[in-house]
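Residue numbers (the numbering used here), protein chains in the order written: chain A, 1 to 237; chain B, 1 to 303.
Hints are computed from structural coordinates only; laboratory data are not their basis.
There's no promise every hint is true.
Label-pair ranges, simulated between beta-carbon atoms [unchecked claim]:
(1) A:Ala233 with B:Thr174: 50 to 56 angstroms
(2) A:Arg52 with B:Thr174: 29 to 35 angstroms
(3) B:Thr168 with A:Met219: 52 to 58 angstroms
(4) A:Ala110 with B:Thr223: 49 to 55 angstroms
(5) B:Gln292 with A:Gly84: 23 to 29 angstroms
Partial selection, computed: residues in chain A whose CB lies under 10 angstroms from chain B [to be verified]:
(6) Ser69
(7) Ala79
(8) Val87
(9) Ser89
(10) Lys105
(11) Ala146
Bear in mind that the values here come from a model prediction, so they are computed numbers and not experimental data.
Every residue, glycine too, gets a C-beta built ideally from N, C-alpha and C.
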Amino acid sequence: MLEIKDLVTEFASVRALSGVSFTAATGKITTVIGANGAGKSTLLRTISGLERCTQGAIIWEGLDVTKLSVEGIVRTGIAQVPEGHAVISQLSVEENIELGALFRKRKASADVAKSVKEVYELFPILRERNSQMAGALSGGERQMLAISRALVSRPKLLLLDEPSLGLAPLIAEQIINAINELCRSTGLTVLLVEQNANTALSVADHGVLLALGKVVAQMPASEMIADDSLRAAYLGY
Amino acid sequence: MTQFITAFFSGSAHGAIYALVSMGLVLVWRGAGVVNFAQMGQAMFTTYIASQLIMHKYSYWIAFVIALLAGAILGAIVDFGLMRPLSARKNSALLNSESMRTTIPVIASLGVLGILKALAGIIWAGEERGFPSPVSTNGIKIGTTTLAFTAFDLFVIGIVFITLLLTTAFFTRTGMGLAMRASALNPEVTRLSGIRINSVRTLSWAISGVASSLAGLLITPSTNLSPNTLDLLLIVGFTAAVIGGLTSLVGAVVGGFAIGYVISFVNVYSSPENVFLAILIFLMFMLFLRPQGIFGTKEVRRV
Chain A
1 MLEIKDLVTE FASVRALSGV SFTAATGKIT TVIGANGAGK STLLRTISGL ERCTQGAIIW
61 EGLDVTKLSV EGIVRTGIAQ VPEGHAVISQ LSVEENIELG ALFRKRKASA DVAKSVKEVY
121 ELFPILRERN SQMAGALSGG ERQMLAISRA LVSRPKLLLL DEPSLGLAPL IAEQIINAIN
181 ELCRSTGLTV LLVEQNANTA LSVADHGVLL ALGKVVAQMP ASEMIADDSL RAAYLGY
Chain B
1 MTQFITAFFS GSAHGAIYAL VSMGLVLVWR GAGVVNFAQM GQAMFTTYIA SQLIMHKYSY
61 WIAFVIALLA GAILGAIVDF GLMRPLSARK NSALLNSESM RTTIPVIASL GVLGILKALA
121 GIIWAGEERG FPSPVSTNGI KIGTTTLAFT AFDLFVIGIV FITLLLTTAF FTRTGMGLAM
181 RASALNPEVT RLSGIRINSV RTLSWAISGV ASSLAGLLIT PSTNLSPNTL DLLLIVGFTA
241 AVIGGLTSLV GAVVGGFAIG YVISFVNVYS SPENVFLAIL IFLMFMLFLR PQGIFGTKEV
301 RRV
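Given these sequences and hints, build the entire structure.
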């Protein structure tokens, strides 16, 4: 279980998160939705250690990870897929995947090979393109690669920052479905940040609605998707 | 024709040294985003260490290996003791602006250069001394003609190519090499992959330290050793690195040899006074032809 307790993250004078609290259950998909600027990306970046919170705590499976380094957090089983299909375009597809497993290669080389095989099975197109530069891939393929890089670290918690951003609806759906299947079949805990609320809520178990750095509602995803007043007030449609 | 051959040989020998200097610069630039002006200071200092050992009757090769190790340690110390604390001070408003973040490490490296020169002055009294070469520095004889090319020149060129091969293999074949390339290209994704980029960066400085130390050991037999003798070498090496594209090791080597030939041909066919003008013209010409350098890649942004 991931517990976010009263989290505050500030940039100079701006409070991007002001007292965010919620929990994400193990083996479930929790989605954080909200308009642009609600603090969704900041939330994920604070959990993975890229931003530092000024108050509050992040507890992962009973372990306080609030003060750990980015690299240390990855080693506790938390992997982030950053916004914008973040792959390293000047490295090949194969190298991008290898990078995600590098830190555990010496201790668990057999399992690394296995996890690489698994991501190629999940996204077969990446195997076909494994010697190409990541920069030559399409947007959807880059997102698949970014997810694969995170998955080969064998995370127990996967943080996804707007995986559908900038993708054609069909591809976005394909990627979200792949994540859904992965969660159901392997018991992976997923924290999914999305602007596209409908897609996210349709696969998620739990929904958290963020507005201006605060949690304004949290409930089972099936209820949130049906709540027209919430949608009208915070998502504007 | 003899003149041409002389210029070619001397260009090759000097170019090889410039290539080493340039590789050292490229390694730190790629690994840490810093142009390291202290590099020749590090080279000078470690060469003094080697010279000291040789004076105390140690063999050349023991001194050679210890100087390379000292180069690695010195490089690591500069990063660990200075560059890392500097980049960790994110709260300072001065350090937070993008332009200062890139400028301050460069200024700090100039500080290191000053310190190393002062230390060398204090410890070794700044005296100019010779430095031996492990192989003959007499021209190779073919029949009755003596070439303007020595066994030592051959040795230097050999070392440069071995260094290039080893570093290239390290970067492309090993996990640590991949981690180094990745952290230079995209630190954030690399950290999110669980790689400790601070350690990777320190390693870049250490490897670059070895390359600079090597350059110092190989140039001093022909220039003598003093705290200031290697200063010009940095300018030439930096020009070579820029011509090669600043991010490519092969580019650094090609740039090094190109500059070597420019210098020696101008020396032979024109006069030594015109050397710097020629370097400048060559640099401008190359930047005009290929602004990103011979082996540099154009920044392509995808949205």
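Structure-based check of each hint:
1. A:Ala233 with B:Thr174: 50 to 56 angstroms: holds (55 angstroms)
2. A:Arg52 with B:Thr174: 29 to 35 angstroms: This hint holds: roughly 33 angstroms between Cβ atoms.
3. B:Thr168 with A:Met219: 52 to 58 angstroms: With a Cβ separation near 57 angstroms, Thr168 (chain B) and Met219 (chain A) satisfy 52 to 58 angstroms, so the hint holds.
4. A:Ala110 with B:Thr223: 49 to 55 angstroms: Between Ala110 (chain A) and Thr223 (chain B), where Cβ atoms are some 54 angstroms apart, the hint holds.
5. B:Gln292 with A:Gly84: 23 to 29 angstroms: At 24 angstroms between Cβs, range holds.
6. Ser69: holds (8 angstroms)
7. Ala79: holds (7 angstroms)
8. Val87: Cβ of Val87 (chain A) sits 7 angstroms from chain B, so the hint holds.
9. Ser89: holds (7 angstroms)
10. Lys105: holds (6 angstroms)
11. Ala146: holds (8 angstroms)
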